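Each protein sequence line maps, in turn, to chains A and B. Add 365 to the 1-based position in the first sequence for the working numbering, that's all there is to it. Add 1439 to the 1-based position in the second sequence for the working numbering, that's all there is to it.
Hints listed in this document are in silico derivations from the structure and should not be mistaken for laboratory results. Possibly wrong hints are sitting among the right ones.
Claimed, not checked - Here are the simulated EDC-like pairs of lysine to aspartate or glutamate, each with C-alpha atoms no more than 20 Å apart in a straight line:
1) K1722(B) x D1653(B)
2) K1722(B) x D1589(B)
3) K534(A) x E735(A)
4) K480(A) x E405(A)
5) K480(A) x D1610(B)
6) K534(A) x D1610(B)
Computed from a predicted structure; not experimentally measured.
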Amino acid sequence: MIETPPALAATAGGSLLVLAILAPVAGILLSFALGGRFAERVALGLTPIGLAIAFAIAALVWRSGAPLVYNVAGLPPPLGIALRADGISCVMLAAAALVIAAAAFYARANFATPKGVMEARAPLAFWILVQAVWAALTILFVGGDLFNLYVALELLTFAAVPLVCLSGKPETLVAALRYLMFALFGSVFYLLGAALLYGAYGTLDIVLLAERMRALPAVWLAAGLMTAGLLAKTALFPLHLWLPPAHANAPAAASAVLSGLVVKGSFFLTVRLWFYVLPALPGGAAEAVLGTLGSAAVLFGSVLALRQERLKLLIAYSTLAQIGYLFLIFPLASGAHPWVADGWSGGIMQTLSHAFAKAAMFMSAGLLAESLGHDRIAEFAGAGRAMPATFFALGLGGLSLMGLPPSGGFAAKWLLLRASVAAGQWSWAIVMLAGGLLAAGYVYRILAPALSAGAIVLEAPPQRSREAIALALAIVAAALGFAPQSFFDFLEVGRAAATALR
Amino acid sequence: MSILQVLDLGLAILVLAIAGWTIAARELFASVVGYVAYGLLLSIVWIRLHAPDVALTEAAIGSGVTGVLLVTTGARLRGAGGVETAAPPRLSQRLMAGALAVLVAAALAAVVLLLPEPAPTLAPEAREGLAATGLGNPVTAVLIAYRSFDTMLEKVVLVLAVVGVWSLAPDRCWAGAPAPLGRARPEGALLFLDQALVPLGILVGVHLFWVGADEPGGAFQAGAILAAMWMIVMISRLTEPPRVGARWLRLALIAGPAVFLATGLAGGGMAGGFFAYPAGFAKPIILFIEAFLVLSIAVTLPMLVAGPPRRSPQS
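Bound conformation, chain B alone (with noise of 0.2 Å):
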């Protein structure tokens, strides 16, 4: 067994062992960050699979933003009361759930190990398509050109996620803003982080939109990276979450998929076909496609964990 094998092994055992820890955990703050855990050691699992986009999503959303979404909700929870002394589900039902979930992984287990060797793949079309994209990241050329139809329609998703929480305010309060993500007075601590983490994270989000069409990378990331410090910056209370009413928080939030659309259908003129890219200039109108994603990936994410209108517009 090589070194690298031992190290597998052991990543493997830690991401099980978390994941049994996250279950088990009976405070739910201890368990988001068992959460968290797990997805970081999950980015490391992508990167030792060669997956290095997987990675920083996973990294990103599937233990970032989703991590900050878990602890807010988390806080308010508690602040609402009486959620954790809920009666916990009778000892059968734990027992059920436990059995369904075991045979279901079993199962998963068993079928995978059988799966057709090696495994019937279109990387190597994907990767051929990649001239006349004039990418250099397949996975990019999946997301933005060969299946641009479905990437176009989760950025309609995410706009109908905002709608969804937004839905919950009360009447009283529409148009106003959610409630500020931080405490009133921050501490020092977090203003330093402002200062120096803000602009460092501003600029890897940018690097990574801008190296997205030729190295791991893309929209996604680079959105959740600016979200983030979008965040950071609330959270420290030195900018408040915008009202909900407001033109320009509303065109940025639609800007990705409304230009994603737009651009589809005039391929359909020009191109051909309906989001297909004129040949010579895919790259180009592919960039400008996603500088509009990064941008609505990263208004939409702190708008989702900002919650529901809280505040009427006139306070």
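So that you can see chain A by itself, here it is in the shape it has in the complex (with noise of 0.2 Å):
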């Protein structure tokens, strides 16, 4: 037997990433064999637990400041699958374990099986799907495999679909199926990649194939159809036509982790590729692709943002243009320039923020839509007054979208903003700027009205307790506009081995 080399070596408390895993995958078989009221109830208790691993994984590494490392059956990479778990990893599994816990329990009052059934269609489906998206997005945060983290898509695409057409209306089949094509295109592509990359260097491993990369064309277009692949679940511009009415349509609770968590998987994914896998190749022309097309998105999402009649319809247009930002990390945090890390913090901050921001808004929206009967923007006159803390939880979402102080979205596009100027990148910054201004005006178009004085009769007042659940998101989105120092230092916990291979 050969000694593993240290780079491949396990580390102490690395079995949680497994349990981390096979938490939520336990709890898909049990509540599918279960069925009926179990099915909630294995949702429901599973989310502390999924909650108290992710933090204990992220506590480890803030403590050692190095990633936690598991190799799966004792077999390290080559032959082996190997997991990893550093700074960014934390903190999306922690963004991922606080989201899906909240728009659980959110969810109860739609997804209950009704009195006197033994098992209903939609709740047994939707308790299911929640938690495979847990586990898929798990596996996206940890894998260390290109083919494990194929399977985490598949996994990811197989949750993500049928949560869009819960409720079985036929507009919403629609905006199922064309999601389905994307995201199975996608898969096609990253598939192609992932099997080029082997064919090229024999192994998946991300750290191995980071060492022996090489700037091949069998590497140039594995890149390209990766590249390509994860950006249609994305739903980067112009690859975006799906995302509108899929997350509009789905049932709120689904929204919210659709739009806050489910794109950021494959974003993760093609951050993971670019700047753990392909550092080696020499940069420039692909993140400045990559950066243009964000910024296209900034603009074109956030103007048809503000066109839209129906408050869901404009939350996942904007949902296009925070997309954007997210991919203004390419240019601005690759290679080995001093304002990189300013970048990737944003970068990194942004994801945060907006799923955090965007969950609480998609939750305020469907408990407006409850209470109102409808989410026509027009007609919200008075609702202010009738649903404060609902709009409220709106405004702040909102706050983090525009990018004003205090809100994560102001950190985020601060640190990007100083990271393009440093680099003498205005273009970016310009983007910024005007992204910022449409999120105000389309923010304003919800607040506005809704503040007005009006006459207004609800059909039910929204239930305390799920409002308090989207306020408490809305204020950790602007709570981490306060992250200090150390935060984002901690963002670059295993970074540091990948950015010295420029």
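Given two chains presented individually in distinct reference frames, assemble the corresponding complex, making use of the accompanying hints.
See below:
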């Protein structure tokens, strides 16, 4: 037996990574077998366990300042599969656990099994699928092997698509089918690229690939195919067509998870690909293309959001725009320049703050639609007075989207701005400023009619507990704006080795 | 040029021709038939490439089960009406899609020719580790030992696929049974097929599972063949698709991944690592897991073909 090289060796506490994945997987199987009300109980019972595991992983990485590593079956790569949690894995694991838990408790009102029946269709499917999203995201955040990550992408697709059409209405079926088409196209392209990389280097492990990487034609083609596939799943302009109808028509709890987390899964993998697998490629062109597409998404998504009549569609189009900002991480955080730390921190901060802000906004929109019986913005007059907590959550979330202090969105855009100024890449800065103005416009469009005077009759007042959940997420998004420097240092854990390859 | 090379060239041309025909066919049914033939030809290609495990999987899943799935879908679409009359995509769209496909295919072909020779591979390592697993087939070792984690998760994806299909049911039909697969009165030929093929097919399926440890074969191929046998019996209406609420069905669907997960967890305590096998006991444990995988696959695939519940539980 050959000694395991230190770069591939497992670390103490690594078994937590497997448990983080297996807990929701066991939940899926248990919920399916027991059925009925047990599905809900299993999913809800799992949320504190998953949260505890996620925070335990983060605490271990924080304390040691080094990634957590586990080799499944005790077999190190290239033959075995490695799981690794670095700084960005940890913050994403924690964000996913928090948003999923919030969505689960929020969804209880909509997806309880009705009295008098043993089991109902939508509740059973929802509770299983939401755990599946969680399992898939966990693997995406800690996976160290390109094929293992492909399985996670498949898991995510099969969990996310049915969530879109849970209500069974024809328009949701159309939206779900379109989503499925894009997602499968993305999977095939990703898999083709992974196969090419295996053909070129005989391994699928991220660390080993990074060590062996050279700018071969096969590598460029693999990078192009995988990136195109992942962009389709992330709904980056111009591959965004599926997102607005899918996210706007899903049940509110599902929209929160889809918009807040699911698109971040494939974005995270794009980051892994370019910053951890391919850092040895001569940079520049590819990063500029990704940044340009992101900029186009910011402008295009914001302008369309401004023109929506319905709240849920507006929020969905705003997701297109906010996804655009994420891609500025590629031009602003790659290479070995003094500004890349800012670019990196800003990009990851945008991922986190958008996850919380958008989940809060979709949940609030759901409460509004249930209480008013519609979500037409023009008819919101007086709603602000009738549902103050809901609109406060919408406003706080909107603050983060605009990038105004105090909010995680402000911290993110400030850091990205600083990086683009330091890099002398002014075009990104202009896009960010324009995007912020446009976001202010569409948030104003929601709040202004709601705050105006008007008589409104609520069909039913919103549940206090559900308002509290949405508000709590919005407060997290705002509180991220106070993240200390040690938090941004934490995001660098595990990145040094990857950047040193340049 | 030797005779085998001539045959290979002919095979390659035939695969391309059938692929083209599948795309060009105007009728849904015709293109499904083309697709099935294409899958069978591909499995011959895999045999020529000395990859019998892939060939078996391609024949069973790529061509067999997918073929049934597509035929059933086509039949249901025709039943729903109006599908094939939808406006075809514009010429410009078709040209663009074609250009994109040609571009990707050409780039792939060029790059594959440029890949390093001999290709870097993990095959020697996979073969070296065989002794520790007690298996004789390195493909099975990759699937159930080295990368068992992936295989377990893929089985969970299958469970999710079933959940996704079932979630499309009308609410009033929940926990009822899917629509029957065949016509009300089966033909004599179909009944003859039941009597002649099904017992043999079950034997072949069990055999593939058993030899999979050392020879080409394994859980997926065995499960697919057993699934096909159950589907034949359902198509000839000797049995009906079960209610989706049936406890035995739920347990059968999750048995494979659940047993896999449980043994993987137990490995953490007893074999020094999650999904590791204790030395000396690897082979019996692997066969134990595979038996449940076969069961789950054999039940999952027909349930995917049968579709969402269409009959209320009372009827």
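Each hint tested on the structure:
1. K1722(B) x D1653(B): Measuring from Cα to Cα gives roughly 10 Å; hence the hint holds.
2. K1722(B) x D1589(B): holds (19 Å)
3. K534(A) x E735(A): holds (17 Å)
4. K480(A) x E405(A): holds (14 Å)
5. K480(A) x D1610(B): holds (15 Å)
6. K534(A) x D1610(B): Satisfied, since the Cα-Cα distance of roughly 12 Å is no more than 20 Å.
In this structure, none of the earlier numbered hints is contradicted; all agree with it.
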